[in-house]
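> Protein chains in written order, with the UniProt record's numbering: chain S, 1 to 461; chain X, 1 to 461; chain Z, 1 to 461.
Since the hints were derived computationally from the structure, they do not count as laboratory data.
The model shown is predicted, which means the values in this text are computed figures rather than measured ones.
Be aware that a few hints might be false.
Because identical chains cannot be distinguished in the list, a pair is counted as satisfied if it fits within a single copy or across any two copies.
[Said to hold, decoys possible] Restricting the straight-line Cα-Cα distance to at most 16 Å, the calculated cross-link-like pairs of lysine to aspartate or glutamate (EDC-like) are:
no., residue 1, residue 2
1, K275, D29
2, K385, E335
3, K444, D281
4, K73, D61
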Amino acid sequence: MNKNSSNIMALASNTSNKRETVCIFGTGDFGRALGHKIIQAGYPLVFGSRSTQTSNLIPKDAEVLSHAEAAQKAAIIIIAIQRQHYNFLTPLADTLRGKVLVDVSNNLKINQYPESNAEYLAQLVPGAKVVKAFNTVSAWALQSGTLDASRQVFVCGDDMEAKQKVMDIVRALGLTPLDQGSLLAAQEIENYPLQLFPMWKFPILLSLGLTAFFFFYCLTRDVIYPYVYENKDFSFFIAISIPNRICPILALILLALVYLPGVLAAIIQLYRGTKYRRFPDWLDKWMLCRKQLGLVALAFASLHVLYTLVIPIRSFVRWRISSQIISQALNNETEPLNNTNAWLSDSYLALGILGFFLFVLLGITSLPSVSNNVNWREFRFVQSKLGYVTLVLCTAHTLVFGGNRFLSPSSYRWYLPNVYMLSLIVPCIVLVVKFVLIFPCLDKPLTRIRQGWERNPQYSE
Amino acid sequence: MNKNSSNIMALASNTSNKRETVCIFGTGDFGRALGHKIIQAGYPLVFGSRSTQTSNLIPKDAEVLSHAEAAQKAAIIIIAIQRQHYNFLTPLADTLRGKVLVDVSNNLKINQYPESNAEYLAQLVPGAKVVKAFNTVSAWALQSGTLDASRQVFVCGDDMEAKQKVMDIVRALGLTPLDQGSLLAAQEIENYPLQLFPMWKFPILLSLGLTAFFFFYCLTRDVIYPYVYENKDFSFFIAISIPNRICPILALILLALVYLPGVLAAIIQLYRGTKYRRFPDWLDKWMLCRKQLGLVALAFASLHVLYTLVIPIRSFVRWRISSQIISQALNNETEPLNNTNAWLSDSYLALGILGFFLFVLLGITSLPSVSNNVNWREFRFVQSKLGYVTLVLCTAHTLVFGGNRFLSPSSYRWYLPNVYMLSLIVPCIVLVVKFVLIFPCLDKPLTRIRQGWERNPQYSE
Amino acid sequence: MNKNSSNIMALASNTSNKRETVCIFGTGDFGRALGHKIIQAGYPLVFGSRSTQTSNLIPKDAEVLSHAEAAQKAAIIIIAIQRQHYNFLTPLADTLRGKVLVDVSNNLKINQYPESNAEYLAQLVPGAKVVKAFNTVSAWALQSGTLDASRQVFVCGDDMEAKQKVMDIVRALGLTPLDQGSLLAAQEIENYPLQLFPMWKFPILLSLGLTAFFFFYCLTRDVIYPYVYENKDFSFFIAISIPNRICPILALILLALVYLPGVLAAIIQLYRGTKYRRFPDWLDKWMLCRKQLGLVALAFASLHVLYTLVIPIRSFVRWRISSQIISQALNNETEPLNNTNAWLSDSYLALGILGFFLFVLLGITSLPSVSNNVNWREFRFVQSKLGYVTLVLCTAHTLVFGGNRFLSPSSYRWYLPNVYMLSLIVPCIVLVVKFVLIFPCLDKPLTRIRQGWERNPQYSE
């Protein structure tokens with residue numbers, strides 16, 4: 001990356017002319033930026049433009065010609081023009097016959113048109129071989145050389161040879177081509193740069209919903225209830241105390257939701273006696289966003305850790321502790337060490353620390369560069385075995401934290417149980433079912449089913 | 001990754017037939033999954049099978065023929081069948097002459113057979129060109145499109161051209177081929193997916209052993225001793241207090257063990273006067289797992305940080321502090337600030353924080369995607385210079401923590417010194433020897449030796 | 001990586017001789033290590049050397065010949081010799097005519113010679129096609145197989161075909177070639193391995209300067225002032241209290257400096273009415289090191305978090321709190337909960353936690369492997385939107401921390417305001433200007449300018 005800034009100086013003296021001429025239609029921002037890069041990679045370049053007047057923004061080594069003249073000079077023509085102006089290409093149909101047309105366009109909205117821009121182009125110029133490429137690359141990134149975001153260029157097209165030529169150019173530009181199949185994939189490729197974390201939508205909406213629910217639940221129990229019955233103002237609980245209840249609850253529930261679909265899938269497979277029938281759609285989608293669910297859970301767990309560690313610095317906590325000590329001192333009391341309390345407090349802290357530690361490990365192994373360096377056995381070991389250990393530790397942490405408060409009547413204000421009791425429902429279900437599934441009488445048939453065995457083989461025929 | 005789910009739709013209309021037909025023997029899980037991907041990449045495909053009855057699980061665009069018929073249609077035949085059934089290929093030897101056979105099989109155990117499956121295949125069909133590939137890819141990953149673990153496909157074979165053809169298919173499938181040399185490498189490639197973190201075995205076993213030792217050591221000193229002599233029950237120390245002694249000790253010792261082999265290597269090179277003789281085997285292996293040792297050390301250091309930060313929340317600590325304050329208040333004492341204690345406490349905390357901070361930096365730079373973006377000078381600077389600064393800071397942290405307790409007789413219970421004294425042995429040795437090696441009279445010859453100079457050049461001839 | 005150690009065994013039986021012979025001039029460390037790898041990749045190899053005496057360090061399958069003989073056997077000759085000995089090539093000019101010479105040399109200092117080694121080689125042997133490559137790879141890494149640092153090989157040269165051949169060898173060796181253009185780029189490529197984090201220089205120097213300034217500022221206010229006026233020894237503040245003031249200040253200022261150049265650029269573009277004139281050089285450079293500035297800021301923020309979390313363990317803090325409690329107990333005082341203080345304390349902690357959390361998210365998305373997996377819209381969303389939210393949260397954290405101390409006269413010792421007031425200047429400026437720029441009357445023209453619109457279009461012609 002350090003090298004990008006001055007690459008431009010290496011551009012002038014490229015003496016070889018082995019590479020085929022490339023033509024770009026359109027002298028806008030993107031066309032010019034791409035042109036610069038292409039010249040730098042050693043390709044001769046012509047621009048096709050309405051006005052052949054050259055500008056000082058156009059790369060010096062490139063000619064600017066009329067569309068028809070430029071098209072004749074090259075076998076590959078990059079259409080750096082917006083879709084709504086494509087119809088100027090119709091009169092050029094003869095010149096473009098047999099040429100490779102590269103559609104680089106993007107839309108402003110997802111699925112803006114019934115057919116993709118590239119397919120529309122292919123309809124307009126039926127004699128040409130249309131390839132979709134470069135639409136995920138930004139003009140600014142090409143210019144500045146800082147390709148911090150993706151270097152991947154998705155390529156698709158019906159003509160294998162045309163696609164290969166475009167992929168060679170992509171490689172020569174220092175980018176990574178990814179073949180996405182036929183031109184039918186263009187719609188999806190055009191939608192890609194418009195997406196904003198599509199896989200994260202469900203986990204984030206779910207956690208926002210749960211956060212809102214638990215926030216009002218805690219507000220009722222911890223702020224409104226004492227205000228109504230004891231006339232105490234604990235409104236400042238909104239800043240730390242309540243978030244520090246919501247975060248661990250969400251972390252635990254979301255972590256359990258990562259492992260719930262796997263358990264459901266196992267039950268379905270056992271029931272059906274085959275793995276060859278598709279899961280219901282919602283289960284498929286759920287399984288595909290498990291990684292994102294887990295990372296959102298990790299984010300909540302991290303916040304919980306930070307909120308917990310600042311407890312002793314909080315002004316309210318300092319005041320509460322010192323009032324207790326002062327009242328004990330004034331009453332001349334000395335309390336002996338309560339060994340049970342010491343055990344409970346230390347064990348839930350230890351369980352929480354170990355659970356969080358494993359959770360962070362899971363997070364690190366889900367980094368693309370780390371997961372690329374492990375084999376499948378290792379990946380499954382970490383994400384499944386370690387994952388369940390994490391879930392067990394975090395559930396135990398919550399159970400021990402609850403301690404003997406579960407049965408105390410003061411835990412029920414307005415018939416609302418303490419929130420951590422609610423948070424234990426999903427994880428306990430997942431762990432119990434998983435525990436049952438481990439029994440040999442269920443594990444053996446499940447393993448066989450997953451290796452391809454079928455109870456009623458007619459399903460697959 | 002977002003794009004995988006619907007790629008299948010792009011599969012049907014692949015009009016180009018430039019690509020050579022591929023044949024797959026076997027219609028099992030893996031064969032079908034690979035077949036789907038291959039069709040998607042634009043290759044015509046035939047399956048060779050015992051029963052030519054087609055099933056709805058087999059990709060629609062693929063023909064299912066008998067083995068002999070299918071083999072005639074393609075130059076590349078992928079053998080997606082288990083090793084024990086390979087002998088059905090012997091009668092086909094004539095048809096397979098000159099063809100490329102791709103062995104994708106895996107075993108259930110490491111080194112299960114004397115020769116690799118691919119070499120066995122080459123012996124069975126001597127006229128064919130056998131290439132090993134695809135065995136590290138999972139059928140499930142191919143189907144679901146979520147290639148979270150490795151996209152790397154290890155390829156080996158004796159025929160360069162055959163290997164090249166297979167590598168082209170690998171690339172067309174969006175995977176990364178890695179040429180591993182001749183067919184002799186197949187054994188290793190077949191063992192690879194069966195491995196479970198082989199480089200981590202030694203660091204993890206070592207740290208488990210040390211953990212067990214220090215656990216019982218601390219248990220004796222901190223729980224059993226007070227129970228025997230003072231009849232106090234400190235069994236809850238097992239949850240936090242004892243882990244928080246073991247973790248920093250292991251972090252420090254393992255970090256020192258990362259730098260010890262480098263120091264030993266320097267001494268050996270100085271003694272021998274050449275760098276061209278191989279190190280003893282144990283030293284070579286030790287040097288190769290330094291990164292893993294360092295990361296395990298970092299894990300223990302992180303746990304130590306978490307265990308330390310929860311100290312003020314522990315019920316026992318709160319009880320101890322408030323009893324101290326109450327007893328002071330009842331005795332009407334006011335203690336002045338002890339400046340030495342303030343200095344000691346603040347400095348060991350500050351040293352620990354800085355040491356941990358640098359340690360985390362070292363960990364981040366060892367992430368594959370980060371270390372890929374630095375040059376060698378930068379990598380060595382971080383891993384060696386910053387590494388030693390980290391070791392110095394962490395050792396100083398432990399020394400200052402010990403403070404004036406080193407000589408106090410109460411530190412020796414049952415003649416067992418405090419554990420942190422034991423933990424200082426290895427780091428201090430490493431630092432002293434390294435300090436000696438920095439002196440010009442040793443550093444200069446060492447640098448010359450590492451640049452290729454030899455004291456007695458006959459060694460290298 | 002696990003596979004590297006024993007690849008050597010696969011080396012011997014490479015039966016294909018499709019690959020072209022490669023010649024290496026020089027049997028030094030680097031030549032031999034490269035030779036080993038090249039043989040392993042299946043290329044026949046000859047060494048050219050002054051003495052044709054073979055040594056047991058030279059790969060067994062390679063011949064050692066005189067320079068002239070070796071050169072005749074191969075079309076590609078790798079010059080693994082230091083620049084000062086290049087003149088021995090002059091008499092070989094006839095033999096080398098038309099051959100590809102690969103310059104792998106490095107210098108000891110940046111810009112050591114007026115022209116790059118590769119250009120010097122091209123002048124010495126005008127008939128040959130010189131390609132620069134392999135200089136960023138270390139001999140040690142080639143030997144040990146642990147390519148932890150970069151696998152990237154920068155390649156440049158004037159002859160496209162020669163470059164292609166060299167890039168094929170690079171790929172066969174399992175490395176990634178990066179075409180850097182013509183031989184003019186060689187100077188830069190030769191400087192690359194000598195660089196030590198060039199993009200980090202400015203952020204690190206800046207933060208060192210600011211650290212020194214704020215250290216002496218705090219020392220004066222917090223240690224020297226109480227010593228002079230109150231004769232109190234707070235020298236131990238140097239260990240934690242003062243660093244914990246400097247770190248948040250630097251984190252905040254540096255984070256603001258990440259967003260300041262973007263704001264300045266917007267003002268300049270609005271003023272000029274075009275985006276097509278280059279920014280002043282300092283602004284360009286500043287914009288290119290924003291990522292590094294942000295990461296240094298994150299480092300300071302992390303240190304601040306650690307320093308803050310250890311506060312309750314500090315001996316000084318424990319002493320101060322217990323003296324307060326004891327004096328209250330002795331005076332028989334019981335203080336009621338101060339609700340305003342509880343609110344202030346909890347909110348600045350909560351703001352700090354959320355700000356730090358988002359800051360860490362920004363840091364994670366700047367990891368190369370993560371940013372490679374997002375599209376441009378997502379990258380901008382995280383780095384710009386989330387970045388500003390982080391800045392707002394961190395500024396608010398500091399403002400609330402200041403609370404009502406801003407106007408208290410005790411905040412001004414020796415007319416020096418409290419440091420956090422100084423730290424707020426830059427972030428507040430950035431936020432105010434950004435807030436103004438969001439107004440539609442400024443935002444609309446700015447958007448149009450960034451889409452290519454110009455107020456006075458003559459600029460671009």
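> Work down the list of hints and note, for each, if the structure agrees.
Structure-based check of each hint:
1. K275 to D29: between (52 Å within a copy, 11 Å between copies)
2. K385 to E335: Neither, since 44 Å and 52 Å both go past 16 Å.
3. K444 to D281: neither (27 Å within a copy, 43 Å between copies)
4. K73 to D61: Within one copy, since 15 Å is at most 16 Å while 39 Å is not.
In this structure, the hints that do not hold are numbers 2 and 3, in rising order.
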